[in-house]
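Could you put the whole structure together from the sequences, leaning on the hints where they help?
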Amino acid sequence: MSNPNSPVYWAYIVPPDGIALTQRSAADKWELHRKEQPVASRSQNFSTEEDDRSFITALARGLDVLSSFKRGEEFLGNTEIAERCGLPKSTVSRLTHTLTRRGYLTYSEAHGKYRHGPALMGLASVVLGGLNIRALARERLQDLAYFANASAGLGVRDRLSMRYVECCHGRATILLNVEIGTRMSLSRSAMGRAYLAVCDSRERDDLMDEIRAIDESAWPRLRAGIEKGLRDYEQYGCATAFGDWQEKVSGIAVGFHPGGGLPPMVLNCGAPTVMTPPDFLLSEVRPRLIDIARSLTGRVGG
Numbered sequence: 030m031s032n033p034n035s036p037v038y039w040a041y042i043v044p045p046d047g048i049a050l051t052q053r054s055a056a057d058k059w060e061l062h063r064k065e066q067p068v069a070s071r072s073q074n075f076s077t078e079e080d081d082r083s084f085i086t087a088l089a090r091g092l093d094v095l096s097s098f099k100r101g102e103e104f105l106g107n108t109e110i111a112e113r114c115g116l117p118k119s120t121v122s123r124l125t126h127t128l129t130r131r132g133y134l135t136y137s138e139a140h141g142k143y144r145h146g147p148a149l150m151g152l153a154s155v156v157l158g159g160l161n162i163r164a165l166a167r168e169r170l171q172d173l174a175y176f177a178n179a180s181a182g183l184g185v186r187d188r189l190s191m192r193y194v195e196c197c198h199g200r201a202t203i204l205l206n207v208e209i210g211t212r213m214s215l216s217r218s219a220m221g222r223a224y225l226a227v228c229d230s231r232e233r234d235d236l237m238d239e240i241r242a243i244d245e246s247a248w249p250r251l252r253a254g255i256e257k258g259l260r261d262y263e264q265y266g267c268a269t270a271f272g273d274w275q276e277k278v279s280g281i282a283v284g285f286h287p288g289g290g291l292p293p294m295v296l297n298c299g300a301p302t303v304m305t306p307p308d309f310l311l312s313e314v315r316p317r318l319i320d321i322a323r324s325l326t327g328r329v330g331g
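Residue numbering for the sequence shown follows the numbering used here, starting at 30 and increasing by one per position.
Since the hints were derived computationally from the structure, they do not count as laboratory data.
Small disclaimer: the values here were computed from a predicted structure and weren't measured.
Note that the Cβ used here is the ideal one computed from N, Cα and C, for glycine as well.
Each hint should be verified, as a subset may be incorrect.
To be verified - Subject to a maximum C-alpha distance of 30 Å in a straight line, what follows is the list of computed BS3-like cross-link-like pairs (lysine-lysine): (1) LYS118 / LYS142; (2) LYS99 / LYS142; (3) LYS257 / LYS277; (4) LYS99 / LYS277; (5) LYS99 / LYS118.
Stated by the list, open to error - Label pairs and their calculated CB-CB ranges: (6) LYS277 / GLY151: 35 to 43 Å; (7) GLN264 / PRO147: 47 to 55 Å; (8) SER96 / ALA242: 16 to 24 Å; (9) ASP187 / ASN161: 18 to 26 Å; (10) TYR265 / PRO147: 43 to 51 Å; (11) ASP187 / GLY106: 22 to 30 Å; (12) ARG82 / ASP238: 20 to 28 Å; (13) ALA153 / SER119: 26 to 34 Å; (14) ASP80 / TYR136: 35 to 43 Å; (15) ASP308 / ASP229: 27 to 35 Å; (16) SER119 / ASP308: 52 to 60 Å; (17) ARG123 / ARG100: 22 to 30 Å.
Take a look at the structure:
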C-alpha cells in the first residue's frame, strides 16, 4: 500500500530519459540527437584525442562501455553496447569480458546480458561519499524545496549534461520526476546555464564549440539560450529557464566554487510552472538560493 504522504511526481514532465512526452521542439530534437551519438564521440574536453599522446584509448573505451547504460536500464547486451559506443562488437566483447572479470560488470546467464557490477557500485558510493558538500547542502535544500513547493538540487557537469548528485522535493502533489543521477541539458536548463556562467571562459568556449559541432542547424537557438542565461546571471545573480528545458517547467540556478580542487557546482530550484511561477522563483526563491550558494563556496578543504 502506498504512503498517502508521499509526493506524487509529475512523470509526464520529466520521464526517466529526461525528455518530455509532448511534441518536441528543434532544441528537443537536438538533445535526442546528442544522446543518440556514440558515447565514445563525446569527450570531456573539445580536443582531438588522436593528437593526445597521453590518451589511453583502451581505458577510454572501457569507461564508455560503463557509461553506455542509461538511467532505469538494468541489462545491456554486447550488440546494444557496441551500437551506443560506436565500437565493433568484437571489441566490446573483450571489454565486457575484462570489466566482468574485474567486477565492474556482472553477466546474467538468464538474460544473456550485462548489468553494472558491485565494484562499480562501490566506486560510485566512494565518489558520492567523498562529496561532503552534499551533506552540507542537504538540509538547506530540503528547507528550500518545502518553502517553494518545488524540487531543489545540487548538480555537477557530466560532459554535455548536468547530473544531480543531491535532490530534495517539496510537499506539493505535482513535482518534477528528478532524483540523484538525473541528467539535464547543459545548454537549455537553468542548471547548465549557471554552470556556463561560473566556469572559466576557456572551458565555456570549448563546451560551446562542442555543442555547436553536434548540430549546426540547432546551434543558433541554443546559443541564444546560453547567451540569455549569461545575461540573466549578470542581472539576477542566477540563470533561468522558463519553458526552455521543458515547456511547462520553470527553474533557476546558481553556480559556486566549492573549493578543494573540485570543479564548479550548481544549485537549482524548479517546478511545473502551474505550481511555482517564474515571478515567485525570482522574487522569493532566488535570494535564498544565492544565500545557500554563498554559504557553500570554498567549504571543501584542499
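Going through the hints against the structure:
A C-alpha spacing of about 14 Å is found between LYS118 and LYS142, which places the hinted pair at or below 30 Å, so the restraint holds. Proposed proximity of LYS99 and LYS142 is supported: the alpha carbons are some 15 Å apart, at most 30 Å. A hinted pair counts as satisfied when its Cα atoms are at most 30 Å apart, and LYS257 with LYS277 qualifies at roughly 19 Å. Under the criterion of a C-alpha separation no larger than 30 Å, the hint pairing LYS99 with LYS277 is consistent with the structure, at around 24 Å.
Under the criterion of a C-alpha separation no larger than 30 Å, the hint pairing LYS99 with LYS118 is consistent with the structure, at around 19 Å. A C-beta distance of roughly 39 Å is found between LYS277 and GLY151, which places it inside the suggested range of 35 to 43 Å. Taking 47 to 55 Å as the suggested C-beta distance range, the pair GLN264 and PRO147 conforms, at roughly 48 Å. Our hint of 16 to 24 Å for SER96 and ALA242 holds, since their Cβ atoms are close to 19 Å apart.
A C-beta distance of roughly 20 Å is found between ASP187 and ASN161, which places it inside the suggested range of 18 to 26 Å. For TYR265 and PRO147, the Cβ-Cβ distance of about 45 Å falls inside the hinted range of 43 to 51 Å, so the restraint holds. Taking 22 to 30 Å as the suggested C-beta distance range, the pair ASP187 and GLY106 conforms, at roughly 24 Å. Separation of ARG82 from ASP238 is about 22 Å and conforms to the stated range, judged on CB atoms against 20 to 28 Å.
The hinted range of 26 to 34 Å is satisfied by ALA153 and SER119, whose Cβ atoms lie roughly 29 Å apart. Separated by about 36 Å at the C-beta atoms, ASP80 and TYR136 satisfy the suggested range of 35 to 43 Å. In this structure, ASP308 and ASP229 meet the distance hint of 27 to 35 Å, their C-beta atoms being roughly 32 Å apart. About 57 Å separates the C-beta atoms of SER119 and ASP308, a value consistent with the hinted range of 52 to 60 Å.
Distance hint check: the CB atoms of ARG123 and ARG100 are about 26 Å apart, consistent with the given range 22 to 30 Å.
Violated hints are absent here; each numbered hint is respected by the structure.
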